[in-house]
Amino acid sequence: MTKAPVILTRDLTKSYGSVAVVQGLSLSVQPNRITAFLGQNGAGKSTTIKMLLGMVRPTHGDGTVLGRRIGDVEENREMRRRVAYVAENKPLYSYMAVEQTIRFVSSFYPDWRADVANRLLNEYKLPRRQKVKTLSKGMRTKLALLLAFARRPDLLILDEPSEGLDPVGIEHLLQMLVSQAAEGVAIFFSSHQIAEVERVADHVCILDNGCLLLNASLDQLRQSYRRIDLTFPSAPCEREFRMAGVEKIRTKERQMSVFASWNAEAIIERARNLNAMSVEVAPVGLRDIFLETIKEN
Amino acid sequence: MFFKLNPTTGQPLYLQLMQQIRHAAEAGVLQDGDQLPGIRTLAEELVVSPNTIAKAYSELEHDGLLELRQGCGAFITVKRRTRCLTDHVQVARRRLRDLIEQLREEGLLDEEIKRVFEAELLYPAEIVRRR
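Chains as they are written, first to last, in our numbering: chain Y, 1 to 297; chain E, 1001 to 1131.
If we strip away everything but chain Y, and leave its shape as in the complex, we get (with noise of 0.2 Å):
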């Protein structure tokens, strides 16, 4: 079992003219998880998934997926094998039947696995005769999803995997996804779908404007982040708080809240000191997380 980053990225930028939209990316994904890429629309995912896999070719920077550059033609050709994709847009061959598809896909993989791809047709209930461009966008994220996961890859890179699945094929995914991470396959997909990215990911990366932000385990956020809730005798100053780990402070007459990263227990003991009359402290979710670091930036 291999040790070394799925991906692994060292100052990656992608400008377009004047417009960056990648910036100075220095990304590591390891193997044997679920890492989620987060950022609003316009942030840079979809074309970092894109410089990965080699079909942008980045302005500066460099990286390697399964140890192969990115930038190499035979080295990138030998990564792609090994790498099942699902773009953003689902293309796929709109003239050809569903059934027609699969095999048509499967031809070119000497590990497909029919039992999968068997499985997820009825489970999808896809129409197995109907052309794909009379597929509605759910099922034709589905058929997208049953080509990647049919093909027993090493790593599975997914954008937006969920986008036009109702609840049940969402739930459905994130089973599939669970089910692809034990049996050893890395998992890198970029989603909006926050309380759903909670529940399976095991490791987050945050990006916004190019930039990445935020790149940590989710039980590292779960046990660091705080939001504390203080009422003093009197107005509070805020540069009381200015300390490590406080991210952001909003102050209402007595009432202070305090969004932390870390050092929850040392703003307490500050807060005690200021003589708070109340502290309360709430764990913070990836939403808020998310929101907060986007608004900070």
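Hints are not guaranteed to be accurate.
[What the hints assert, rightly or not] Below, simulated DSS-like cross-link-like pairs (lysine-lysine); rule was C-alpha separation at most 30 Å, straight line:
1. E:K1055 <-> E:K1004
2. Y:K252 <-> E:K1114
3. E:K1055 <-> E:K1079
4. E:K1079 <-> Y:K248
5. E:K1055 <-> Y:K3
6. Y:K252 <-> Y:K295
Since the hints were derived computationally from the structure, they do not count as laboratory data.
Given the structure is predicted, the values throughout are model-derived calculations rather than measurements.
Following the hints, position chain E against chain Y.
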């Protein structure tokens, strides 16, 4: 045995699972030799990363509450200390029940009692409410 993990409690999921298994063993719901589901099975059932289950099992094995047998699964190993603890926990529950009843009679609402308990366990009393 049903486990329920809550991603928004501010506690890592593997710790939640560890606590639930430990609690079940201490309460006698899980007994010596009982088998737990495999990592993949439980991960798929709870729809969480398999690493969450693997970490919880591995930590519990380290604590001596679980035995991982290659290819066979995970088995509860209730030691004498745990059995002793089971009795203590049951006594503690009875005492807490009496205390909660007394607090209710004194006019505290369940939500208020819960907050006092949580605050007292998590942070020193003088920090929580200083008048």
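Results of checking the hints against the structure:
no.: 1; hint: E:K1055 <-> E:K1004; in the structure: holds (16 Å)
no.: 2; hint: Y:K252 <-> E:K1114; in the structure: holds (27 Å)
no.: 3; hint: E:K1055 <-> E:K1079; in the structure: holds (21 Å)
no.: 4; hint: E:K1079 <-> Y:K248; in the structure: violated (47 Å)
no.: 5; hint: E:K1055 <-> Y:K3; in the structure: holds (17 Å)
no.: 6; hint: Y:K252 <-> Y:K295; in the structure: holds (20 Å)
Of the numbered hints stated above, the single one contradicted by the structure is hint 4.
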